[in-house]
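Just so you know, the protein sequences line up as chains V and H, in that order.
Under my numbering, the first residue of the first sequence carries the number 1, and numbering increases by one thereafter.
Under my numbering, the first residue of the second sequence carries the number 1001, and numbering increases by one thereafter.
These aren't lab readings, by the way, just hints derived from the structure by calculation.
We treat Cβ as the ideally placed atom computed from N, Cα and C, and that holds for glycine.
Possibly wrong hints are sitting among the right ones.
Stated by the list, open to error - In the SDA-like style, the derived pairs of lysine to any residue whose C-alpha atoms are separated by at most 25 Å in a straight line are:
no., chain 1, residue 1, chain 2, residue 2
1, V, Lys70, H, Ala1190
2, V, Lys111, H, Thr1162
3, V, Lys70, H, Ser1184
4, V, Lys111, H, Thr1164
5, V, Lys70, H, Leu1157
6, V, Lys70, H, Gln1186
7, V, Lys111, H, Ala1154
8, V, Lys70, H, His1088
9, V, Lys111, H, His1156
10, V, Lys111, H, Phe1158
11, V, Lys111, H, Leu1157
12, V, Lys70, H, Leu1080
As the list claims (entries may be wrong) - Label pairs and their in silico Cβ distance ranges:
no., chain 1, residue 1, chain 2, residue 2, range
13, V, Leu79, H, Gly1111, 53 to 63 Å
14, V, Arg8, H, His1156, 48 to 58 Å
15, V, Ala127, H, His1163, 19 to 29 Å
16, H, Ala1105, V, Ala216, 43 to 53 Å
17, V, Ser140, H, Phe1158, 24 to 34 Å
If you want the building blocks of each chain, they are given just below.
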Amino acid sequence: MTPVLETRGLAAGYGGRSVISDINVTLNPSEVLCVIGHNGAGKSTMLKTMFGLISPDAGSVHIDGEDVTKLNPRDIAELGVAMVPEGRGVFPSLSVSDIFALGMHAVGVPKAERAERLEWVLGILPAIREFMERPASTLSGGQQQMVSIGRALLPRPRILLMDEPSIGLAPKLFQDLLAPVRKLQQEEGLSILLVEQNVREALKISDRALVVKSGAIAWTGEPEELADNKRLIELY
Amino acid sequence: MLALQLAVTGLQTGALYALTAVGFSLIFGSTRIFHFAHGATFAIAAYFFYFVFQAGFGTVPAILGASAGAIAFGLLIYWLVYVPVQRHEGSFFTVFVASFGVGIAVQNLLGMVFGRGFVTVNTSLSRSSEILPGLYVAPLAWVAIACAIVFLGALHLFLRHTHTGMALRALSDNPELVRIFGLSPQRISAIVFVIGSVLVVPAAIITSATTGLNPAIGHHVMLISLAASIVGGIGSVYGTLLAGLILGLAESMALLFVASQWTEAVTFAILFAFILIRPSGLLGRATAH
Chain V
1 MTPVLETRGL
11 AAGYGGRSVI
21 SDINVTLNPS
31 EVLCVIGHNG
41 AGKSTMLKTM
51 FGLISPDAGS
61 VHIDGEDVTK
71 LNPRDIAELG
81 VAMVPEGRGV
91 FPSLSVSDIF
101 ALGMHAVGVP
111 KAERAERLEW
121 VLGILPAIRE
131 FMERPASTLS
141 GGQQQMVSIG
151 RALLPRPRIL
161 LMDEPSIGLA
171 PKLFQDLLAP
181 VRKLQQEEGL
191 SILLVEQNVR
201 EALKISDRAL
211 VVKSGAIAWT
221 GEPEELADNK
231 RLIELY
Chain H
1001 MLALQLAVTG
1011 LQTGALYALT
1021 AVGFSLIFGS
1031 TRIFHFAHGA
1041 TFAIAAYFFY
1051 FVFQAGFGTV
1061 PAILGASAGA
1071 IAFGLLIYWL
1081 VYVPVQRHEG
1091 SFFTVFVASF
1101 GVGIAVQNLL
1111 GMVFGRGFVT
1121 VNTSLSRSSE
1131 ILPGLYVAPL
1141 AWVAIACAIV
1151 FLGALHLFLR
1161 HTHTGMALRA
1171 LSDNPELVRI
1181 FGLSPQRISA
1191 IVFVIGSVLV
1201 VPAAIITSAT
1211 TGLNPAIGHH
1221 VMLISLAASI
1231 VGGIGSVYGT
1241 LLAGLILGLA
1251 ESMALLFVAS
1261 QWTEAVTFAI
1271 LFAFILIRPS
1281 GLLGRATAH
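Based on the sequences and whatever the hints tell you, model everything.
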């Protein structure tokens, strides 16, 4: 089986300072892969490099076996990848409907399909209907995260990269937000790479997990194994 | 009647200040680039208009020439100066010094080509006529006010109702998120420089036909733009618009109380008052962005 997303010997950093090195990750079709690790372990850098936001110092990124290392985020998005960034992935000065309109325009969703896509997302996350015309700055943290996930789903991606979506959210709210995404994974074959610090909640929905420590992969395996192993728990 | 005369003059000046300052504020608010050479854009547009008009090509070619000069300069300074400086992770101060340097170079170049003295474009629109007893207004005053309404109204519609306008507002909020959306911050910034440069063109042309030009005019324009941006609220386009109008009116109305050489001091008195009493400006955010 060809992984939908794969990195080979990936290394990246900022201003000459190495943050991740020799990262080899595979994400299989319709899989939820959870990446966990301490603050500063390099999880977000890994995700940003996969999405073309950071140019790697070494190694390569592959989507469906194709080398996409030199592509920019727009080109990667066109291959069916979307990213929910860390923090609140919304523009405070724009209304929710503007954010969705801009999100579809940015990745080239044809005009004729935009209304239908919007309805599809509002069907998955119906609560958004209540605050479509409000500026994002006036929304609660949970609502902003919902908009961020909704925007990422608009192009109907095959691969969803999520960077710590639980930050600032109660565990119940986090699970409520992930439930529709999990449903898409099960029903439509969406592959999800989930970076999380909230290990307990993340492992509940993961098929596989990997631990990143000091910029390198320290362990990879089944979520159950990770939850019960004291030596592994120390890694994160 | 003197007060009414000064109010009309102040409105004309304020309209021109608003156009120029909104261009600067838009560029700074969206890109965080302290575009000190915005004054140079003004000077280039004004001298291009002067040159083409004096060469006898007529008003429309002169307007097109001024627009082309301003847009070309805005794009060139963005791609050839700011992008390389930012690529090397140049600080805010580095960008400012680079921009300041370009502004000085443009001033000297204009001085070499056109001389250092004042030049003026004479048109029939510059001549004042008595529209009420004791109230003299040149048609250019109405042109200035109409230009401000049309250009700033168009800018408002553009920012609110087009995808590019939304992208521009998004860039001012969070450049990295713009990339995550799949947009290019550099391309959006280039568009911002085009719009910011176009906004100074009517002000530059009208100034060339009213008060006249000299190569150092860019500095005055820049100081006014900076003052209006701070008084209006850093990064707030609508606040800057309002501040430009207020500063123009205040400068003119001050003549009721002080001699003409002190009018510019009024602008800076207002600026200092805002810095001390309301540092976030008229419509600015309460905290630094």
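Verification of the supplied hints:
1. Straight-line distance between C-alpha atoms of Lys70/V and Ala1190/H comes to about 23 Å, which keeps the hinted pair within the 25 Å bound.
2. A C-alpha spacing of about 14 Å is found between Lys111/V and Thr1162/H, which places the hinted pair at or below 25 Å, so the restraint holds.
3. For the proposed pair Lys70/V and Ser1184/H, the alpha carbon gap of about 15 Å is at most 25 Å, so the pair holds.
4. A hinted pair counts as satisfied when its Cα atoms are at most 25 Å apart, and Lys111/V with Thr1164/H qualifies at roughly 15 Å.
5. A hinted pair counts as satisfied when its Cα atoms are at most 25 Å apart, and Lys70/V with Leu1157/H does not qualify at roughly 37 Å.
6. Distance check on the hinted pair: Lys70/V and Gln1186/H sit about 18 Å apart at the alpha-carbon level, within 25 Å; holds.
7. For the given pair, Lys111/V sits about 24 Å from Ala1154/H by alpha-carbon distance, which is consistent with the 25 Å threshold.
8. For the suggested pair Lys70/V and His1088/H, the alpha carbons sit about 20 Å apart, so the restraint of at most 25 Å is met.
9. Restraint check: the Cα-Cα separation between Lys111/V and His1156/H comes to about 23 Å, which is no more than 25 Å; the hinted pair holds.
10. For the suggested pair Lys111/V and Phe1158/H, the alpha carbons sit about 19 Å apart, so the restraint of at most 25 Å is met.
11. Our distance criterion of 25 Å between C-alpha atoms is met by Lys111/V and Leu1157/H, whose separation comes to about 20 Å.
12. With a CA separation close to 24 Å, the supplied pair Lys70/V and Leu1080/H stays within the 25 Å bound.
13. Hint check: Leu79/V to Gly1111/H, Cβ distance near 54 Å, so the stated range 53 to 63 Å holds.
14. Remark: the range hint 48 to 58 Å for Arg8/V to His1156/H is upheld by a beta-carbon distance near 50 Å.
15. Checked against the given bound of 19 to 29 Å, the beta carbons of Ala127/V and His1163/H, roughly 25 Å apart, stay inside it.
16. A hinted range of 43 to 53 Å holds for the C-beta pair Ala1105/H and Ala216/V, which are about 50 Å apart.
17. Taking the beta carbon of each, Ser140/V and Phe1158/H are about 31 Å apart, inside 24 to 34 Å as hinted.
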